[in-house]
Every structure is written in C-alpha cells, then in structure tokens.
Amino acid sequence: MLGVILLSPLLGAVLNGFVVPKANKMLAHLLGVLAIGLSFGSALLLFQQFLAGGGEPSITYVFEWIQAGKLRVPVEFVVDRLSALLLLVVTGIGMLIHIYAGGYMREEKTTFRFFAYLNLFIFMMLLLILANNLLLMFVGWEGVGLCSYLLIGYWYSEGANADAGMKAFLTNRVGDFAFLIGIFMTYRLFGTLSFSELRAVVSSSASFDAYTLQQLTLITICFFGGACGKSAQLPLSIWLPDAMAGPTPVSALIHAATMVTAGIYMMTRLNFLFYLAPFTMEVVAWVGAGTALFAATIAAVQWDIKRVLAYSTVSQLGYMVLACGVGAFDAGVFHVLTHACFKALLFLGAGSVIVAMHHEQDMRKMGGLWRSLPITHALMLIGVLAIIGFPGLAGFFSKDEILWRAYLYPGSGHYLWAVGAFTALLTSFYMVRLLALTFYGKSRLDHHTGKHLHEISSIMWAPLIILALLSIGVGYLGVPGLLAIPGVKPHILADYLEPIFAVHQQVKETWAFAGAHHEPFWEALLMLVSVVLVFLGSSIALFSYARSSQPNLGPWPAPGARLYHLLSNKYWLDELYARFIYSPLGDIGEFLWRIFDIKIINGLLNGLGYTILGISGFASFKMSGSVHRHAIFMIAGMLALLYFLL
Amino acid sequence: MVPVEHYFVLALILFTIGVVGLVVRRHLIFVLMSIELMLNAVNLVFIAASRALGTLDGQIMVFFVITVAACEAAVGLAMVISLYRRYGTIATDFLRTLRG
Amino acid sequence: METLAIFYTLAALVILCSLMVITLRNAVTSAVFLIADLFLLAALYAQMGADFIAGIQVLVYAGAIVVLFLFVIMLLNYTPGHREEQGEGGHLERAFGAGLLALVAGLSVVLACSSKFSLVLPHAFPFADSGDNTYQLGVALFEKYLWPFELSSLLILLAIVASIFIAKKKPPYEGKRQ
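Protein chains in written order, with my numbering: chain Y, 1 to 646; chain S, 1001 to 1100; chain V, 2001 to 2178.
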C-alpha cells in the first residue's frame, strides 16, 4: 500500500518524462492525474486501515541505506497520525490540482515536462512526510526544493522566471544548511537520526543537564532555520513571492498547499525536541508573528493578483509558525490543513481569472468580472471568506484556535495575540481588496480582453468546487469547545493528533498553561474581537475598492504615501540583501578572482608546469621510445622496490 | 606431500622466464606469450596457496585470471593484427611512436 | 617420496619448456611448447587436487588461447629468418635477461638448500581429497563470487567487441592520420 502511494507518482514522473510522446498532451495529463489518483486512492485506503487499526504508528523498513561505523540510516517509512493525515492532504489536494492543471496548461507545448515535474514533486513530498529519519526527510526536503526550482523556472525562456527559480533555490539553500547542521548536531548528541528512536531516547531520559539543554536549543534553532527557508519565514521569506513566476497550478500546489508547510511539518515531527527548548519556541513564535504581520502589510499594497496571494501565504505560514512557537502544534497542523484547502482554492481561482483574462495578472486592469465569471466569482468568494476567518468557514476555526493559544502563552502571549489579531484585520482587508478589485466595481478591462472574456472549462472548475466544499467543511474538525455545535464533536483534530505530541516531564511546568486554566469569558471575548476586526477590515476594503466610481489605483494619499512606498517596496528587504550580502560577496569574489586566483594560484601552477616541462624535456632526451627499454626500467624499479620491502 | 614453498620457487622461476622473454624478444607474439607465462606463474602461486591455506578462494582467483587472460589474448592479438596491417611489421623496435 | 619425484620431474619440464618458449626463433614451435607448458602446469594443479582448474587450464588455455595464438601466427604468415624477426634484442636487453635469470637461478638454489625458507603451513586440503573439488568450486563461484562471476561475463563480451573492432579490415583512424 505504502509502495503504491510512493511509487505511482514516481512512475508517473518517469513515464511522463521519458516515455510519453512530446506532442500528446492528453496522455501526459491523463497519466499525471492517474498516477496521483492511484496514490490518493491508496492513501485513503491506508488511512482507513490505519484508523481501523487504532491509529498505532507503524514503521516499514525497506532497506539499509547508509551504514558507516555507528551511523546507521535505513530507508524507513513511518505511518502515524501525523503522516497519515498529511498524506491525505498532499495526495488529495495534489490530485485536484493535477486535474485543474490539465485545463490551465492547455496551450502549453511541453505539458509532459510539466506533469513529470509535478509528479516528481508529489513523490518527493511524500518521501518527506513518510521518512522516519532526518536524513531521508532531508532527501525529500531537497527534492521538493529541486522540483520547486524546476517548476518556478518552467517558462525558463524568460530570464526573470529562471532568476526567480534560482532565488528560491539559493534562499532555500541557506535554510537547508542550517537544517543539515541541525542534523549533524542531533546525531552527535543522540547518536541516532531516526524519529522514533530520538523520541524514545528523549522520553526515556529522566532529565537533561544544562549542557544538553543548551545543545538542544542550538539544534532546534538550526531546525527552525531550515523551516524558515522552506516555509518562507523572515528573513528568508523573499523567495516565495518571486516564486509566483511559475504556472499557477504550481503556485497552488507547491507554494501554497504543500511544500511550504514542510517546515511546519518538520517542527511538528520534532515537537518533543522543540518543547525542550523554550528559548527557541519564543523565537519561533515571534518570527512567526512578525512574518505574519510583515507579509500582510505588504500584501495590502500589491496589484498583482498572484502576489497578493503569495504574500498572504507567507502571512498564513507565519500564523502556523506562531502556533508551533506557542506550543500549539495541533493548531498549526489544523491551520496547515485548512490553509491547504482554501489557499489552493484561491490560487486556482486566481488562475482561472488569469486564464480568462489571457494571462493578465494586474488587478488594476480587472474589475466587475463577477458578471462574466459567475462560477469563478462564487468560488473565490468562498475562498476569501474562508481565509479571512468569516465565522463558520474553515479559516475562522483554525485562526481563532491559533490566536487563542497564543493568548494563553505566558509572558509575551498577549502581545503575540495582538500582532496576530492585527494581522487578521489586515488579512481581511487585503483579501477583500483582491476580491473587490477583481470582481466588483466598474470594469477596467481593455476592449480586446473584454471581448474574449470567457468562463473557464469544467475540467478547471470541478476540482475547485471540491476545494470550496473542503474550505467550508474542514474547519469543523477543530470546533472550539466554547461553540457547542450540535452534532459536531469539538477538537476532533486535536484529539486525533494528541499522541503525536510529547512534552518531556522536565518542561511540563513550562507548557502547563495550555488547557490548564480555561477562561471561557476571555475566549469568547477574543473571538468576538477578531470577528469584529474581520468585518472592519472587509468593510474598509469594500468601501475603498468596490464602489462603482473609480477606486484609487495609485499610491495612498498624502499621510499614507510614504508608508505605501515602504510597503510596495517590501520594506526594501531585497535591496538590503543586495546591499549587505550580495555585493560584499561579489566584492570578495572579485578580489579572490583578480588577486588570489590570477596572481597567486595561476602563477604557482604555471611555475609548476614550466618546471615539469623542463624536467620532462631532460627526461625525454633519455627516452629511446623502445618498449623494451621501458620494460627493463620498470622491472628494475620493481625489483628495487621488492628489495626495500623485504 | 610436496612442501608449498617448492611451488613458490617454481613459480618464481617461471615468472622470471616470462619477464626475460618480455624484455628480450622483439616480436609482439612472443611478448604476448611471455605474458601468458607470467600469468601462469601467478596461477601456480594461487593454487599452491589455496592448497596450503585450505581455502578455495585461490582457485576462484585462478578462474578469474584465466578469464582475464583469455580477454587479454584476444584483444592483444587483435591489436597485433591491426598493427601488422598498418605498419607491415610487428617488431617492437620499429614501433617507436612512444619516443619522447 | 613418489609425489616429490613427480613434482621435480614436472617442474624441470616446465622450466625447460618455458625456456624453449622464449628462446626459439620459430613462433609456431614456440607456441607448441607453450601448450606443452600449460599441460604440465595442469598436471601440477591436478597433483595439488585442483581438478577443475586443471581441466580449465587444458580446455581454455591450451585449447583456446594458444590455438588463437597459432591462428594469428599463421594469419600473419610468419617466416623465421626475416631480419626484423630475429629473436634477439639489443645488448642491454640480453644482458639484463641473462642477469635476471642467473639471479633467480642462484636464489632458487639457495632457497632449495636452506632450511630457513620453510613456510609452516597446514598442508591439509580437506575438500580436495574428498573428490568434491568441482562441486565446492561451483558453490563458491555462484554464491560468494556471484557478482565477480557475472562481471567477468561482461568483460568477455567487451573483449569480443573490442577485438572485432580493433582487428577490422580498415582501421577507423586511417583517414584521420593521412
């Protein structure tokens, strides 16, 4: 079963990459969907069996991968509550996006390449999820990075796209480096890389001394660095918005629903280590909150429909990281789940708009589309309501859960909540702004596009409907205890995931706050506040951008102009990188090249070459070219050697 | 029973004869035959050692040496033919393209 | 004592034949002596209980490899007495060869006479005398040495292709050189 899940996308990738005739688009699409469909079907069966079996984790040993001295790395796959769930998300959402992609990529020439990459990506993602040790996870981790690079640069003939791919790859590399160092340190500290063994080792030791705790803090910081790269947290967040250069299904699959959550997944897998490092958790929480706010502010001034969504992804990932940081890993996973549904929906909806507009992504040239694209409009509306946390939809439950858990966090919890709540306000503002600019108000289409506007084909909206239903329904997996909805058990997901988490007894005190003192009054109040904030943000956006008169499409008026400038330049983060990292590196490189390479190394090597040339000139004078002479000298040399050795 | 060192001495002599043949003869065919002699000397050592140590590994090695010798002879003789076609001779002192 | 006598006879014949191989002018006779040499060595192997290798030695070495040599010698229409096929090398080579031979002969005599050179090794050869040699060898070859065995088949295939390619009528590099 596991084999089918894993291998069918790989097989699909291989077949699509090497076997399928290049011109046959239908076959490429069919094969891609079939491969992932098979995988999804098996994952469903596996999940059902897994639940029927009581949800006990099971480890499948495949073969010995590395064995060097004490280091032993087998290829082992683990199916537990976490990986089984993520398996469903990745294959399920992946399948819907595959189906959609067939419609989106209709006009492409090399669909086989596209589907080969997509299938390979799914394979790598599954590897990452199922891996039972850090190194195998790292393989999947790098693999998804590679596929992301390939897919961002899918339209590689345009330089900007290739550059965006490179940027994503290099930025991720910084994070991967930290991750790798974390892996090394883990091995040194615990002598094993397997998750199950690590967990056993950690839970079986009674207490840790100060040195180990310090090491653990370092290790978890390193792991978090890796998560920052993959999940686009500050300061490594710069690659994700540029990654929108890829085809929209890719943005939906990789850069919204699955790959970027790898960092959260990794941290959740290693929760037993993170719990032991309260300092790291504090950092994680603040980076998450900071990223959420940072990205949300930038999203508020973007005009490119996909960029808004990209920054909103960064922002939502910030929420998830915040959840991890305050020890609410279950809330983080919950948000991963809901976010995967509604962000995929939003991206695919945006993709539909883009296709309908003949690849126009600037929202300033849209407006009033709801008449021409009623289906897309309805679907996007659901997606937007879900993400801003409209009561009753998925985002409402998951986001409120995170905010409430952040509020409970001792020390800085209230500030974290404030940042999160303000971000929620911003989220509702920019998402409704997106909706308003695109679908409402006066049409700003140019004549030509307006004439050819057409609703998307059924192959594209059918998956969207499923995603829309999920965006509504999935939230009921985590209904807070406060809202007793008849017929729905509260905290289904949290209860389901409970066995995954392990707080070591040494730090039990630190994490005792969660669930210890429930304050229904405060919880209700905060929920109310965030709902009010959502309505506030939405109304501002609707008021500013959905009126029938021409909305303000330039910078904000006088008092906000400078702020607008700052935001639309993304806080000059890219420029900061350029000024303080790229150009010094370039200077050092230049110096090394001009002085060190040319003068010293080249001089040395040339000198060596000339010396050898001189010696060999002398030697060749002695050479007769007779093979026998050579043989004699060789044998004489061997004899001499023999004599010395004996 | 013949002491194992007797075989070693015989192998040494055989190998030396091969070396001398390799060095002295100018004809490529003889050179190749000398190489066969040297390989046989090695085989003899392998078998004697295999007997002395009571393991079969030496005999397996001989098996592989014979395989390699067959390949070497085939390729070497093919080269001899090719050289003969090209230069009209296979005497090594006429083949001096290695000269520095 | 009897086996020792047989060994000495065989050893003397081996040395004699080998010397003939490298000294004779005529390549055909030389090759015939090589065959004799290989047969004698096969007898030595058999004496040591390596039946299978002895058989292989006769079949493959004497039967196939040296016959290949003979084919090539005939193909090249080799006639002794031609100037360039005078067997002797230059003075340096001959001196070196003679010196080496003398050295080894002396060494052998010294070794044979001295009692110091005596390796203390068990002379047991359990499986040889059980008459099971070929079976044992087969088991070892197909279990412990399966991969080398398979690789050697690849090597042979390569050698076949390579020799056909090299010995083709028109060498492929002919055109480029001229």
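Just so you know, these hints were derived from the structure itself, not from any lab. Misleading hints may appear alongside valid ones.
[Claimed, not checked] Here are some, though not all, of the chain Y residues that point toward chain S, as calculated from beta-carbon distances under 7 angstroms:
no., residue
1, His628
2, Ile632
3, Ile635
4, Ala636
[To be verified] For each label pair, taking beta carbons as the anchor points, the in silico distance ranges come out as:
no., chain 1, residue 1, chain 2, residue 2, range
5, Y, Phe633, S, His1006, 44 to 52 angstroms
6, Y, Ile600, V, Ala2098, 49 to 57 angstroms
7, Y, Ser616, V, Ala2005, 14 to 22 angstroms
8, Y, Tyr610, S, Gly1088, 52 to 60 angstroms
9, V, Thr2029, Y, Ile66, 43 to 51 angstroms
10, V, Asn2026, Y, Thr611, 24 to 32 angstroms
11, Y, Tyr582, S, Asp1057, 18 to 26 angstroms
12, Y, Phe633, V, Pro2148, 29 to 37 angstroms
In this text, a Cβ means the ideal position worked out from N, Cα and C, and glycines have one as well.
Consistency of the hints with the structure:
1. His628: holds (6 angstroms)
2. Ile632: Check passed: Cβ of Y:Ile632 comes within 6 angstroms of chain S, closer than 7 angstroms.
3. Ile635: holds (6 angstroms)
4. Ala636: violated (10 angstroms)
5. Y:Phe633 to S:His1006: 44 to 52 angstroms: Violated - the Cβ-Cβ distance for Y:Phe633 and S:His1006, about 32 angstroms, lies outside 44 to 52 angstroms.
6. Y:Ile600 to V:Ala2098: 49 to 57 angstroms: holds (54 angstroms)
7. Y:Ser616 to V:Ala2005: 14 to 22 angstroms: Violated - the Cβ-Cβ distance for Y:Ser616 and V:Ala2005, about 56 angstroms, lies outside 14 to 22 angstroms.
8. Y:Tyr610 to S:Gly1088: 52 to 60 angstroms: violated (41 angstroms)
9. V:Thr2029 to Y:Ile66: 43 to 51 angstroms: violated (59 angstroms)
10. V:Asn2026 to Y:Thr611: 24 to 32 angstroms: Violated - the Cβ-Cβ distance for V:Asn2026 and Y:Thr611, about 50 angstroms, lies outside 24 to 32 angstroms.
11. Y:Tyr582 to S:Asp1057: 18 to 26 angstroms: Once the Cβ atoms are compared, 60 angstroms apart, the range 18 to 26 angstroms for S:Asp1057 and Y:Tyr582 is violated.
12. Y:Phe633 to V:Pro2148: 29 to 37 angstroms: holds (33 angstroms)
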